[in-house]
Amino acid sequence: MSHSDTREPRTWEPGLTRVPYWLYRDQEIHDAEQRRVFQGPTWNYLCLEAEIAEPGAYRTTFVGDMPVIVARDEDGELQAFENRCAHRGALIALDDGGQTRDFACVYHAWRYDLQGNLRGVAFQQGVNGKGGMPPEFRMEDHHPRKLRTASVAGMVFGSLDEDVPPIEEYLGEEILERIERVLCKPVEVIGRFKQTIPNNWKLYMENVKDSYHASLLHVFFTTFNINRLSQKGGVIVSESGAHHVSYSKVAHQPQASAEYSAEKLRSDMEGYALADPSMLDGCDEFGDGVTLQILSVFPGFVLAQIQNTLAVRQILPDGLDRTVLNWTYLGFQDDTPELRRMRLRQSNLTGPAGFVSMEDGAVGGFVQRGIAASRDQEAVLEMGGGGIETQENRTTEASVRGFWNAYRGYMEI
Amino acid sequence: MAEFTQERLGILNAAYARCIDNDEVEAWPAFFEERCLYVVNTAENHAAGMEAGVIYADTRAMLHDRVSALRDANVYERHRYRHIVGQPFVLGIEDGAASVETPFIVVRIMRDGATEVFASGRYLDRVVEGADGQLRFARRLAICDSRNIDTLLAIPL
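Chains A and B, in that order, give the protein sequences.
At position 383 of the first sequence the residue is numbered 383 (the working numbering), and the sequence of numbers has no breaks.
One gets the working numbering by counting positions in the second sequence from 1 and adding 1000 to each.
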């Protein structure tokens, strides 16, 4: 048998309506994604400006697999660099964040400033005139990789690529507007949670972009009219398909749509009621009637507004079949006590125990296990045609196809 | 004047854990006062004064809603818990309520047979005695040591 016969199938026809399952289970793909997508000409969410408000404040985070420090320097500028000592590669910062004047690697005490420049090498001149670094050693030749940073509506993004387009151009006007719609004033972090889910990161991103599943999988969405496909709403897909927004407007009256009745959906539970419906009390805080807005930025960022819950999610691959979600729940600094209380109650919808999000954390694992023996089979993405265009309905997989269009571009696959 | 003896608090915790672990969660809200606070949060958030919980309920009715969602609405894989609850430590008694801190470990048993430590932490409780002489939680904060939740949190801690 020739070598090529023993290789696993790894083909992908052109187009966006089929996604081969080997893409979710392949180590070479995973490695290429790190280089081409996460470290490629993309913008990756790092943290909130509010988390590093003062000079000397820093957070540790990730871009794909890569550990990253993001800091505010003495001049108030945002800086980001790989969290890896230029000497032997140990982590430079071990904490999640804090306040510091500089960073020192614990291994051999090499010291870095807030811009990630090497500023000190312990015993550089040796001891008692012996040992030490050679005379030609220059500190400026050694530093961890630095990221470009950009700030959008109080969120810090970073890129490893010198040629990445400016973030406004990368996002496009429509996505930018929809970010600014939510993050319209100074925020306050009201909770941080990490969730580990048992599937490839791309399955989670597809789920985020999939407006078709939302009211079919989630009883809370459908039964309590938080999100039904029959509500006014739509999908905005950025030009390359990389980013998306799906949104819907409030429907206070129970919506008996003929399609929903005909489908006899599990998620449409007549008679299912809350003993304390105040959990769902909310207000139209952005004044446009949009009660649900899910927004994604390629490759791994989500900003979600579900009623009055506001949360950002950072999606990080952790090997082939594990994904880490870093949730940051937000309020605004000027929240009234009543509004804050509404947010806290509605937070039951989101996160790892969320009446809605719980299911998103589970379905990816169902797919990952379902495709275990089907590397040469494909997913079908034909809902709403084959295109990636913006539209005023959500019974479509346009934004999921948009993800694959962008992905194929970056991966050159 | 209510007596918050080690024995009574121990029995309260044992009954609470048994209720959840034996899959009798319909009885779980009855461990709380009508006006109550039940929050699952992380030690890190709690220390920083961040209030948002993974679960947040400020009425007993909201706890009933958790149970009905668990039973009827949400989609997740079947699993069970086993709580190991440590000695309650009384921090103080004031205005007829005891502040109590109790450590816990919760082991999760998945449908495929895997058993793993799912959560460890401490309950920060405010325990009161009802008119019927029963001890109940006016407040129970389940403060998890880790900030990572593995996959999902469906059954309450």
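For the record, the hints were derived by calculation from the structure and aren't laboratory data.
Remember, predicted model here, so these are calculated numbers, not experimental data.
Note that beta-carbon positions come from the ideal geometry of N, C-alpha and C, so glycine has one too.
You may find that some hints are simply not true.
A short list of chain A residues far from chain B (calculated; beta carbon distances all over 12 Å) [stated by the list, open to error]:
no., residue
1, Arg119
2, Ala150
3, Ser151
4, Glu188
5, Gly234
6, Ala273
7, Asp360
8, Gly361
Examples of chain A residues lying across from chain B (beta carbon under 8 Å, computed) [what the hints assert, rightly or not]:
no., residue
9, Phe193
10, Lys194
11, Leu217
12, Met279
13, Asp281
Quiz item: Honestly, which of those hints from before does the structure not fit?
Solution: Those not satisfied are hints 4, 6, 7, 8, 13.
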